[in-house]
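Following the hints, put chains A, E and H in place on chain X, whose structure we already have.
In case you want the letters, here they are:
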Amino acid sequence: MAFISSGYNPDKPMEDRITDIGPRHYSEFLPPVIKNNKGKWLWHEILEPGVLMHKAESGDEVYTVRCGSPRLMGTETLREALEIADKHCDGYLRFTTRNNIEFMVDSKDKVQPLKDDLQSRKHEGGSYKFPVGGTGAGLTNIVHTQGWIHCHTPASDASGTVKVVMDELFEEFQQMRFPAQLRISMACCLNMCGAVHCSDIAILGYHRKPPIIDHKEVENLCEIPLAVAACPTAAIRPAKTTITDDRTGEEKTVKTVAIKNERCMFCGNCYTMCPALPLTDAEGDGLVIMAGGKVSNRISEPKFSKVVVAFIPNETPRWPSLAKCMRQLVDAYVKGAKKYERFGDWAERIGWERFFEVTGLEFTHHLIDDFRDPAYYTWRQTTNFKF
Amino acid sequence: MAFISSGYNPDKPMEDRITDIGPRHYSEFLPPVIKNNKGKWLWHEILEPGVLMHKAESGDEVYTVRCGSPRLMGTETLREALEIADKHCDGYLRFTTRNNIEFMVDSKDKVQPLKDDLQSRKHEGGSYKFPVGGTGAGLTNIVHTQGWIHCHTPASDASGTVKVVMDELFEEFQQMRFPAQLRISMACCLNMCGAVHCSDIAILGYHRKPPIIDHKEVENLCEIPLAVAACPTAAIRPAKTTITDDRTGEEKTVKTVAIKNERCMFCGNCYTMCPALPLTDAEGDGLVIMAGGKVSNRISEPKFSKVVVAFIPNETPRWPSLAKCMRQLVDAYVKGAKKYERFGDWAERIGWERFFEVTGLEFTHHLIDDFRDPAYYTWRQTTNFKF
Amino acid sequence: MPKHETPLLDQLESGAWPSFVADLKRQAGSRQQKQNEIEFQIPVDVVDDLLGLLELSYVEKEVHWKHGGIVGVFGYGGGVIGRYCDQPEKFPGVAHFHTMRVNQPAGKYYKTDYLRQLCDLWDFRGSGLTNMHGSTGDIVLLGTTTPQLEEIFYELTHKMDQDLGGSGSNLRTPAACLGESRCEWACYDTQELCYQMTMEYQDELHRPAFPYKFKFKFDGCPNGCVASIARADMSFIGTWRDDIRIDQEAVAAYVGGEIKPNGGAHAGKDWGPFDIQKEVIDLCPTKCMWMEGGKLNINDRECTRCMHCINVMPRALRIGNDRGLSILCGAKAPILDGAQLGSLLVPFMKVDESYDGVKEVIENIWDWWMEEGKNRERLGETMKRQGFQKLLEVTGIDPDPRHVSEPRHNPYIFWKEEEVPGGFERDINDYRSRHPK
Amino acid sequence: MPKHETPLLDQLESGAWPSFVADLKRQAGSRQQKQNEIEFQIPVDVVDDLLGLLELSYVEKEVHWKHGGIVGVFGYGGGVIGRYCDQPEKFPGVAHFHTMRVNQPAGKYYKTDYLRQLCDLWDFRGSGLTNMHGSTGDIVLLGTTTPQLEEIFYELTHKMDQDLGGSGSNLRTPAACLGESRCEWACYDTQELCYQMTMEYQDELHRPAFPYKFKFKFDGCPNGCVASIARADMSFIGTWRDDIRIDQEAVAAYVGGEIKPNGGAHAGKDWGPFDIQKEVIDLCPTKCMWMEGGKLNINDRECTRCMHCINVMPRALRIGNDRGLSILCGAKAPILDGAQLGSLLVPFMKVDESYDGVKEVIENIWDWWMEEGKNRERLGETMKRQGFQKLLEVTGIDPDPRHVSEPRHNPYIFWKEEEVPGGFERDINDYRSRHPK
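Residue numbers (the UniProt record's numbering), protein chains in the order written: chain X, 1 to 387; chain A, 1 to 387; chain E, 1 to 437; chain H, 1 to 437.
Treat the hints as calculated values from the structure; they're not laboratory data.
Being a predicted model, the structure only gives us computed values, none of them experimental.
Among the clues, some could well be false.
No more than 25 Å apart at the CA atoms, straight line, and that leaves these computed lysine-lysine pairs for DSS-like [what the hints assert, rightly or not]:
| hint | chain 1 | residue 1 | chain 2 | residue 2 |
| --- | --- | --- | --- | --- |
| 1 | A | 252 | A | 240 |
| 2 | A | 339 | E | 278 |
| 3 | X | 386 | E | 278 |
| 4 | A | 55 | E | 437 |
| 5 | E | 278 | X | 339 |
| 6 | E | 437 | H | 90 |
| 7 | H | 66 | X | 255 |
| 8 | H | 269 | X | 339 |
| 9 | A | 110 | A | 35 |
| 10 | E | 350 | E | 295 |
| 11 | H | 287 | A | 338 |
| 12 | A | 35 | E | 350 |
| 13 | A | 386 | H | 66 |
| 14 | X | 339 | H | 295 |
| 15 | A | 338 | E | 278 |
| 16 | H | 90 | A | 386 |
| 17 | X | 386 | X | 339 |
| 18 | A | 35 | A | 115 |
| 19 | E | 390 | A | 115 |
This is chain X alone, in the form it adopts within the complex:
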């Protein structure tokens, strides 16, 4: 393949350079019915799973058909979505924060053909390309991170785990029979690019072994003081050790670090600062399940998800234990929660002792907080409990 220049001249990088122009202004991309009624919407209704109608003061209506996407999408699939938008929506579409695609039309009669078109498109293996759903008191798309596809610190795959969970719960994406919306999120390590810590259910990639120290490389690849400072539990200290030089065979003393394994909680922050401290390990890595968080201020205040399963191994390719656990969580919630009750509000109402009973999950010592001073506030300081 021959290099084809865009016009950029590497010898004169500043020539014609355009910088700091920011994004395109959103108003260029608003469908006319949206643009005309901006700030003048009266109310909305979900007509059926995946289909919303918004009513404007002007009397205008916009119908939105929402469908799922795997987030990781090639241009082929994206172009197919664009075709659909051209065919049905005058060339407009939008994406949601949770990686759904929304196709909007300005009259009701355009909804069914659009919906039929979307639902009809499938990959060869049988999966939908654009499943309609993700609205109301149901399951919407799982937000997630990169996982083994593109990240250097993941403890699990993101796309794979999400696919498995969405397959398991797929019906719920196209239904609205939950007590309230259920937001599942997946992050492939504690860095949580996806900030999953306030989700109804969070799936979190998670290491369980302290870093391997690549003594030969620490000095070359890392600033040792930064690696030491990176540890939130002060488990790392500077050290020296003797290694055998690969080429010469000679013994030499090198600067490196030492790690107190019993103080390590596997956050991987040292690895972020120092590539000579890899954590990944087939047996050590896996998933934590957290539950009961939310970001909305509705009825109760936003809250963090709590760790309810300390470890699920990376059972590639279809993570059956993960799928089973998600099913247990969702079934218990659907069975027990009241209308409008979010997952965490339900768990708190019935009490965590009841939560572990009805979900069938095991309560282990790992679930008791022991991280710093605030841990105390999660212990039970009352005699009020259920037998």
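The following block gives chains A, E and H in isolation, referenced to the frame of chain X:
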């Protein structure tokens, strides 16, 4: 005065020595009606303020008349109480955890004479000796510590502040017109012998100046490492300084400590370990008011009192600002709370923004938690607030 | 004629509440009066000087007591608090002013002859001033001199069959609510357990061997009248695990206004007619109650035994029959590391007469805390520093969701090497065989 | 015929949910197919090799990407994430596999011609793989080589009038909910404020000058659809301070069952007839609503605007007219010091077209954080370390009970010397004149 021996022989301390015999067994002291019905009580009723009736399965009834005491009591007053017990109660009486005295009789007709007798007794200055009250949805006695009477670390007086507050609210001790019981407690320093941190209202003696370092004495009076270790904020470090010897006038270098004033939060723990670091100061010392705590598990869980007034000066002898503040707190509570609602439950229901409005107290930066990691959990992480 | 002018303190004689100043003056006067009758073993004017010293504090707004020196009785490390005045020349009567703690009988019931004997002893060998009682629970005898300490102890033990309480880094004098003696809600015999544990651990109470103070308190029910959950290193709080006993006739009587709610506690104000829905059912924290056909129903399985309904209708609702106690650990005041409420360790335990179950928990905790606790570290602080898991480990108690108000929200789990397949030791060359640099 | 066998990944092609494996294979096939049409500027088999590499991870259960080196476009310190495979011999197509972040338009609306242009560019100069969108909000272009970075940037800016987003210790690409464009609950124009702040702080977005990453997110109302309160260092959340507008006829229609509650969100299950008492009034967290004479009443003064009633009855209840926003600070994920939700700093602020009020708060916070923040310390951590008081001080905002969920329960107040009469310096000799040793 001549020394009169008890029989103890200081030269032979082990001779006839009796140790580790513990307290007298409580059963020796139970009035017959109590002893006979122990573990067989059916129910109770407060007949009027200060008077309780307990009904036993046997049909027996015991009538209790409760009255206040200043806790600090001479044998003269105590003997007067014993006389009353002999006269009305067959020689039995008891004390409550909150320093009330309880006189019990076994039939209803004995109540009124007992009550009249108690109420009739006054000190020359006009104060009651045995005011009847302290029951039900009213104010009961204030538990407190020693203060200037007997403690070496107090930041205020206990007996005096309590007297002033009980005078201000005296009517409520003899009434039951509060939404729920109101437990006020007083501790004369942060050591809180009285553990006031879970009271409806807590009055807390409180220093505001770092210790004075008596360089001449540190080395003599203190183990410097213990003083250093005593500081919860690591504000103290070992140091050396030059002093002039009182007798010889010579300069000499002594071991002492240095204190980072900006890290000191005046807890006085160093003084407890090292008498050469006194904190007490007329302008610095005073009171903190905390509110909204409780120990009962009823309806809501036990909870800590919160700091609602950062400082009230030691206005001896009658602390008018303290009395005014207590009045504001109690009036707002009585006006706003629902039946059965404890002080803290009320404050939480209306919201702290409303609490400061209806009490007329000022919200200052001192009331925002900044002590260690858990402080974060007391900031407001929601958009749910009242204007 | 008082020895010292006390114009500030005098202002505390007025007002309705019992005046401690009036009390002190009465006591001072009585000592002056009786000085020819009684051969007082400490200065006659001890109380006068106390008033003078206190007046000085009211003027200067500063305390005038020095750090106590180490005083006590032979063989004991607790029970006496040394106290010295920093103005002994001006106030010689309180130059020494030590406190003695006398271990109160559980429930604080007394016969007058016992207390009169104590008064006689204390008038004779001390200031005559007392606290009935101190915060921890003891009878506090306030103010005597060093030479009197052994004498008082001798008389207490020989004549009154009565021991001192605890102070310092000891087990502190245990205290109990009045329990079964006069309360229908006591779920176990608090007085007896308090007495038994006090006797069992006399050595710990009198001879400091702990990192810091340690408190037991015994509450008969979750109302917590002795405040154990706020201030005891180990709180024993009564509870039950079967059903609340309902007397439907009495329920009807409450509903019909025949019985005053809450034992008459709200009688001083007109709160309107009793509304069982509003005042009981709607306030139930677990919403496990409802009325049906004029009858009150409780789903006891969902009840957390907060006591509200029972408190409101004591004649209709009674605690269950299968009773026992919960054990909570670690409560303490703010010094040093911040305040703690007790954390639930044992959700339920039956109390049998051997007390073996209770003692096992206590001793396992002590073994650990005495080994691991730092100087002046309360149990709660050791728990915070080493983690609740450690407390479970040393007591052999299985983790249970009842141990938490909520599971951890941070995923920072400290896995142990033996829990992770393959362990923690890995070979960098093996790793590099799959992941070249 | 695929380049690599992927038996494990193949198992992810079945199932109803859109298969990313199917998508990758489709993309791989398309590149093979079009290699004669398009002069791909990065390896044709980039996606094949990605599949092969991912299969290896599925077999070994370990990641095969190395730490990214520092790559980027001239003059920018963000927008590109370097990524290299640790098995470049086996999978040369992904030896380089850098990501580019393209700053999405606010609200994520698009015209197809724009996206098609982007597809063309990315097919030509990259892998053709995207995330629509990344977690922060950007369009993520996944996988290209170092030589292509400047070319892509040149084409983006010159042909598409489109800039890159942020990464590293920069302002990260701001994101907004769709706001007024299609939501009746937007209390301010989230898209416009997002755009304006993005433009105002282009320098901060592209040139790292911060201790660590910094995120703005703009939510139109307390429902928080863009989750700002959980993940933005500064969250701008719409609210109002006057009364909820009530249409009593519509209330009656809800009560009468003519309109489905909650916008029809619960239509998939029979929850029984709508009960306004149970579903709205009883669930109100402040209990400030009641029915009277068939009309719904709200004591708006006690309302905390949680949105529940409005969510349930969007045709009857509408947000107030006096609108603005709250600002919360410090939200972040667990790394490093534990997760935080945003803490309320500005309860209410009107949004005017100068945006001066918003900018003043932002810049005061940045000035402080850039001065005091440690390396890799998020704003929330600096707040925790220096205290909320410090945040008030640097922003000149008065303390307000709305800043706390509750006042401190520890009495450990750090008084400043200037707040205490007489200051901190005292003379020991003066002290000893009152308190002899």
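To see whether the hints hold, each was checked on the structure:
Distance check on the hinted pair: residue 252 (chain A) and residue 240 (chain A) sit about 10 Å apart at the alpha-carbon level, within 25 Å; holds. Between residue 339 (chain A) and residue 278 (chain E) the alpha-carbon distance is near 10 Å, which keeps this suggested pair within the 25 Å criterion. For the given pair, residue 386 (chain X) sits about 23 Å from residue 278 (chain E) by alpha-carbon distance, which is consistent with the 25 Å threshold. For a cut-off of 25 Å, the pair hint linking residue 55 (chain A) to residue 437 (chain E) is broken: about 83 Å separates their Cα positions.
Restraint check for residue 278 (chain E) and residue 339 (chain X): satisfied, since their Cα atoms lie roughly 23 Å apart, inside the 25 Å limit. For the hint pairing residue 437 (chain E) with residue 90 (chain H), the CA-to-CA distance comes to about 14 Å; that is within 25 Å, so the pair holds. With a C-alpha separation of about 22 Å, the suggested pairing of residue 66 (chain H) with residue 255 (chain X) holds against the 25 Å cut-off. For the hint pairing residue 269 (chain H) with residue 339 (chain X), the CA-to-CA distance comes to about 10 Å; that is within 25 Å, so the pair holds.
Of the supplied pair hints, the one linking residue 110 (chain A) and residue 35 (chain A) holds, its CA atoms being roughly 19 Å apart against a limit of 25 Å. Of the pairs offered as hints, the one joining residue 350 (chain E) and residue 295 (chain E) is violated, with about 31 Å between alpha carbons and a cut-off of 25 Å exceeded. With a C-alpha separation of about 13 Å, the suggested pairing of residue 287 (chain H) with residue 338 (chain A) holds against the 25 Å cut-off. With a C-alpha separation of about 23 Å, the suggested pair residue 35 (chain A) and residue 350 (chain E) falls inside the 25 Å cut-off, and the hint holds.
Proximity of residue 386 (chain A) to residue 66 (chain H) is assessed by CA-CA distance (about 50 Å); at most 25 Å being required, the pair is judged violated. Distance restraint check for residue 339 (chain X) and residue 295 (chain H): the Cα-Cα separation of roughly 23 Å lies within the 25 Å cut-off, and the hinted pair is therefore satisfied. About 11 Å separates the Cα atoms of residue 338 (chain A) and residue 278 (chain E), which keeps this hinted pair within 25 Å; it holds. For a cut-off of 25 Å, the pair hint linking residue 90 (chain H) to residue 386 (chain A) is broken: about 62 Å separates their Cα positions.
For the proposed pair residue 386 (chain X) and residue 339 (chain X), the alpha carbon gap of about 23 Å is at most 25 Å, so the pair holds. A distance of roughly 23 Å separates the Cα atoms of residue 35 (chain A) and residue 115 (chain A); the hinted pair therefore holds under the 25 Å criterion. Taking the CA atoms of residue 390 (chain E) and residue 115 (chain A), the gap is near 54 Å; set against the 25 Å cutoff, the hint is violated.
Going down the numbered hints, you'll see the structure goes against 4, 10, 13, 16, 19, while the others check out.
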